[in-house]
Amino acid sequence: MSGETTPSQTVGPYFSIGFDWLNRSDLTHGASGGERVTIRGRILDGEGKPVPDACLELWQADTSGKYAQPENAKGKSQDQDFFGFGRIPTNEHGEFSFTTIKPGSVPGPDGCSQAPHIQITVFMRGLLRRLVTRLYFPDDAAHATDHVLNLVPAERRATLIARPVATEPQILEWDIRLQGKDETVFFDC
Amino acid sequence: MLRYRRPSPDTQPELLHPPYASSIKRAPTQPLIQLPHTISETTGPYFSRDVVPPKAFDLTRQHKGEPLGERIAVSGRLLDEDGRPVPHSLVEIWQANAAGRYLHKADQHDAPLDPNFTGMGQTLTDDEGCYRFVTIRPGAYPWRNHYNAWRPQHIHFSVFGPAFATRLVTQMYFPGDPLLAFDPIYNSVPVESARKRLISVFDWATTTPEIALGFRFDIVLRGRNATPMER
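If you're matching them up, the sequences are chains A and B in order. Read in order, the letters of the first sequence are residues 0 to 188 in numbering that gives the first Met the number 0. Read in order, the letters of the second sequence are residues 0 to 230 in numbering that gives the first Met the number 0.
Bear in mind the hints are in silico, worked out from the structure with no lab data behind them. Cβ atoms here follow ideal geometry from the backbone N, Cα and C, with glycine treated the same way. Treat the hints loosely; a few may be bogus.
[As the list claims (entries may be wrong)] Okay, derived cross-link-like pairs now, SDA-like style, lysine to any residue, Cα gap no bigger than 20 Å in a straight line:
(1) 65/A with 41/B
(2) 104/B with 45/A
(3) 24/B with 45/A
(4) 180/A with 63/B
(5) 180/A with 22/A
(6) 24/B with 126/B
(7) 48/A with 123/B
(8) 75/A with 126/B
(9) 48/A with 211/B
(10) 48/A with 139/B
(11) 75/A with 29/B
(12) 75/A with 123/B
(13) 24/B with 184/A
(14) 101/A with 24/A
(15) 48/A with 181/A
(16) 75/A with 49/B
(17) 24/B with 47/A
(18) 104/B with 75/A
(19) 104/B with 182/A
(20) 24/B with 92/A
(21) 63/B with 111/B
(22) 75/A with 48/B
(23) 75/A with 47/A
(24) 54/B with 101/A
(25) 24/B with 176/A
(26) 104/B with 48/B
(27) 24/B with 110/A
(28) 104/B with 87/A
(29) 180/A with 28/B
(30) 101/A with 49/A
(31) 101/A with 174/A
(32) 24/B with 182/A
(33) 104/B with 31/A
[Said to hold, decoys possible] A few chain A positions that, by computed beta-carbon distances, are all more than 10 Å from chain B:
(34) 7
(35) 12
(36) 30
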């Protein structure tokens, strides 16, 4: 044993100095086919105020439900294959937006498959640890059998599911609420 | 099935820590839901060598001139809880300059910027999990969390490790800093032995004669659980 995990500390207010070089809001590079989708939203604090100094990190599978694996990535440049990683800061209005390929379903516990989802980490000043949540896609029959969604009280599940925009078929909206009514479901990862 | 161990009680900060004022309106109030470790949690981004500029480990060589301040080398190993090295992990750092000022528009502290210092670095750990940065010892700086509040000198660290589940952002502090006792961020970790792991150690082995003092900061990521039972 070398001891226990190093404690987390907040990213603080100035993380953009260290993070911006890896900002990545277009995840479609290297994708072979799949449904292109833009997801936009806001992060809101306990007073409903937008959070202008937050950052999302994304991790997702490709359209066939495969995560990029190190053994396939060695010796290649980063955009040769679908990478599945994103880093998106919020702007001064607390808004974020990213474009990706809708992931396929991936294996879940007990041999079931999981509904398509994107893994989300949230960093900001005021968070002593990262927050972890998931984004699911609207109108998916697989939600009913998704192991993780079924761990979430039914009345809170909607906070994890992006909403379609009537006039813009390739756009989804999804807000993150840190507190209050409709507080987003966060996970202990 | 690969799973990662959960932390022991009180070895990580609580999300709501009222002495740290910014946590009050931003920490979730509903209980977190324990996420089983599926392939979505046990995989993570693998950054190829071409992503990280080869000289990005040296924060003193990013401009025409040399930054002011005390040049230091910060190195250590990235390990998991079982002592296994974590190779080829992206490590990012950012920090204030020697005067305690960040190169950021939101930092209004009345201390000078240094035209030769950005305060950003990256590297990948080697096969033994080792990393090394060369930088300037950051200054302490005031913040408005409470009356006469000053942050202890620190360097922010961001580490990915092998999986989404191992992602960690933390801060490295310096030994003997009198401000640590008063810092609500450092003291947000309830167990003293756990928060002391955030303090680097002065290290002769990495101190370079005539060049730089050395500080060692090993970072431990979550260990793997061999059994399907969650702790």
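Right, here's what the structure says about each hint:
1. 65/A with 41/B: 13 Å, holds
2. 104/B with 45/A: 25 Å, violated
3. 24/B with 45/A: Holds, at roughly 5 Å.
4. 180/A with 63/B: Outside the cut-off at roughly 52 Å; violated.
5. 180/A with 22/A: 31 Å, violated
6. 24/B with 126/B: Violated: residue 24/B and residue 126/B sit about 42 Å apart, past 20 Å.
7. 48/A with 123/B: Distance ~37 Å between residue 48/A and residue 123/B Cα, so the pair is violated.
8. 75/A with 126/B: 18 Å, holds
9. 48/A with 211/B: 45 Å, violated
10. 48/A with 139/B: 30 Å, violated
11. 75/A with 29/B: 43 Å, violated
12. 75/A with 123/B: 16 Å, holds
13. 24/B with 184/A: 16 Å, holds
14. 101/A with 24/A: Holds. Residue 101/A to residue 24/A sits at ~14 Å (cutoff 20 Å).
15. 48/A with 181/A: 14 Å, holds
16. 75/A with 49/B: The hint holds at about 9 Å.
17. 24/B with 47/A: Given that 20 Å is the threshold and the Cα spacing comes to 9 Å, the pair holds.
18. 104/B with 75/A: 36 Å, violated
19. 104/B with 182/A: 30 Å, violated
20. 24/B with 92/A: OK: residue 24/B and residue 92/A at ~17 Å, within 20 Å.
21. 63/B with 111/B: 18 Å, holds
22. 75/A with 48/B: 9 Å, holds
23. 75/A with 47/A: Measuring from Cα to Cα gives roughly 44 Å; hence the hint is violated.
24. 54/B with 101/A: With Cα atoms ~36 Å apart, residue 54/B and residue 101/A exceed 20 Å; violated.
25. 24/B with 176/A: 11 Å, holds
26. 104/B with 48/B: Not OK: residue 104/B and residue 48/B at ~31 Å, beyond 20 Å, violated.
27. 24/B with 110/A: Given that 20 Å is the threshold and the Cα spacing comes to 40 Å, the pair is violated.
28. 104/B with 87/A: 19 Å, holds
29. 180/A with 28/B: 10 Å, holds
30. 101/A with 49/A: Between residue 101/A and residue 49/A the Cα gap is close to 27 Å, so the pair fails against 20 Å, i.e. violated.
31. 101/A with 174/A: 18 Å, holds
32. 24/B with 182/A: Holds: residue 24/B and residue 182/A sit about 12 Å apart, inside 20 Å.
33. 104/B with 31/A: 40 Å, violated
34. 7: 6 Å, violated
35. 12: Given a closest Cβ separation of 6 Å, the condition is violated.
36. 30: 15 Å, holds
This entry does not satisfy hints 2, 4, 5, 6, 7, 9, 10, 11, 18, 19, 23, 24, 26, 27, 30, 33, 34, 35, going by the numbered hints stated previously.
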